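Protein chains in written order, with our numbering: chain A, 22 to 314; chain B, 64 to 379.
Simulated from the structure, these hints should not be mistaken for lab results.
Here the structure is a predicted model, which is why all the values come from computation and not from measurement.
For glycine and all other residues, C-beta sits at the position ideal for the given N, C-alpha and C.
Treat the hints loosely; a few may be bogus.
What the hints assert, rightly or not - Which chain B residues face chain A? A few, computed with CB under 7 Å, are given here: (1) V78; (2) V82; (3) T214; (4) L218; (5) L222; (6) W226; (7) I339; (8) V347; (9) I354.
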Amino acid sequence: MQGEGAVALPLQAVPEPRRRRAWSALRRQKLAMAGVVIVGFFLVLAVIGPKVSPYDPLKQTIRERFARPSHAHWLGQDEFGRDILSRLLHGAWISFEVGVISVALAGLFGVVLGLVAGYWGGWLDTSLTLVMDVLNVFPSLLLAISLVAVLGNSLRNVFIAIAVTSIPAFMRIVRGSVLSVRQTPYIEAATSVGVPTGRILAWHVFPNVTPPLIVHSSLTFAYAVLAEASLAYLGLGNRPPAPSWGSMLNSSYGFLETAPWVSIFPGVAIAITVLGFNLLGDGIRDALDPRLR
Amino acid sequence: MGRYITRRLALLVPVLIGVSIVTFLLVHLLPGDALELLIGVDQRMTVEQRAELRHSYGLDAPLPVQYLKWADHVVHGDLGKSLRSGRAITDELRLRAPVTFELTLLAAIFGSIPAMLFGIIAAVRRNSWMDYLATLTTLVGVSMPNFWLATLLVLIFSLKLHWLPPIQYVPFTEDAGSNLKHMILPAIALGAPLATVIMRQTRSAVLEMLGQDHVRVARAKGLREAIVLNRHVLRNALIPIITVLGIQIARLLGGVFIIEQIFALPGIGRLTLDAIQNRDYAIVQGTVLVIAVISVLISLTVDILYAIIDPRIRVS
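Construct all of the structure, not just a fragment, from the sequences and the given hints.
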């Protein structure tokens, strides 16, 4: 009997633009909105953080080492008497940089390789897929650690390592979407009227890939922040005294019992940021999934 | 079944070759002199001495030739020698592997069995406080860097509450009880990300099954809830859970590095990190290869297990 109700539907079926529909679906989810808020907060902090930080993140005040959180130093001071809040604010920029650059690199390579492999198929597809399968075999942190170890200790090599370990997933997603649209009539139509392949890929195939791509970028951003922190924790990549969240955790470990705040705040910062990007990614996925509406 | 396994094994060959090439190139194609990376030459050597050394190690041969030579040694169980200690890398690995194996195994147990139980409870009691608690825990668990979780665990259980001994490694053969006590926190820290994924996967798989027609039929014909769950829900829900478990256990191997470092456990992860610090690239190459091969074997096992549980895989 529910079928009768459906008759009324065409009246209000003026199609809402897809983007706005996705946004309103996103707004209905509390967790996803929490993700939006966290990510927004993180982005603002990363950009203005270094300018509003109350102290110089590298300034050592040995007399005030391990000072507890106080009015002057909200989050306390570390083993060199440096202000933890200022270091966290500067560290936010590093995490932001790592996230943006490695997601962009991995996304660029993944999209191009995925489009090529999915659209042309054949031996090209087989060999690219094999290469990605091989890269996938290495646990990503292991691959990232060894890449940075061999390439040398620098933030640039951290971008490269994180990007390389993220390319296979991007490629797989893009390739899958391309395969699903390659046989559709509108691609066939475009091919038959002689649209150049590059244009077909850019204008007709790529738009189908964007929704999963956005979701995956958000999740990869979370991974990148976590991976940078892990590498820095192991002393790889950004060297001290640079205020990377991971290396802050690393150096604070020895003073866990006497000054727990030195290790608690950077950990909270990493966890909340990663949580935000994960929530956002999951939320967008649900919002874009028509089955869940 | 036999045919499926044969086909799956055949697929393994190109992947293993690829893995060995990547591992080989990792050290050979990168900036810097392979001589310095692999042999760690003394800076005071003359150009002639270097050339001679390069020749004696076969480093002046073309890359493909070097690769084949190296691969030949590897296939025969020779991973080379450590640059620092001069010991065979295989001996070094044999010494360290049991620690990493124990840690990974315990982490896999901690990370899967309780997680599945909670996942089932969360699905069966959907929207109860237990479900919300489980969801909240997974969200936090996924985002928490496991080295930070490790730090907090040590701070709370070892330093503040004194329930568990401080960081130290005791070999299992020496004192099994003490060994296990020292392994609890590392295993929990390593297994936590796994647990969150498994719990999430279990919850959604069980939820999906609960809504299926055959479950409704089973209930309609008056089967007891326990039997419905056991026979009709869990068995089917197990399939996606096992896939995820396979992928995630391979990922545990990546976490081993950090956890062994924090808890001072002398396993393969520590060996690799120490080797990186000492620029002992022969060891890095060896451990990377071994870990990659182990992760290939894990995924092979999971695929076969998968085919045993789900007949549809074998046929297609």
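Taking the hints in turn, this is what the structure says about them:
no. : hint : verdict
1   : V78  : holds, 6 Å
2   : V82  : holds, 6 Å
3   : T214 : holds, 6 Å
4   : L218 : holds, 5 Å
5   : L222 : holds, 5 Å
6   : W226 : violated, 15 Å
7   : I339 : holds, 4 Å
8   : V347 : holds, 6 Å
9   : I354 : holds, 6 Å
Violation of the numbered hints given earlier is confined to hint 6; every other hint is satisfied by the structure.
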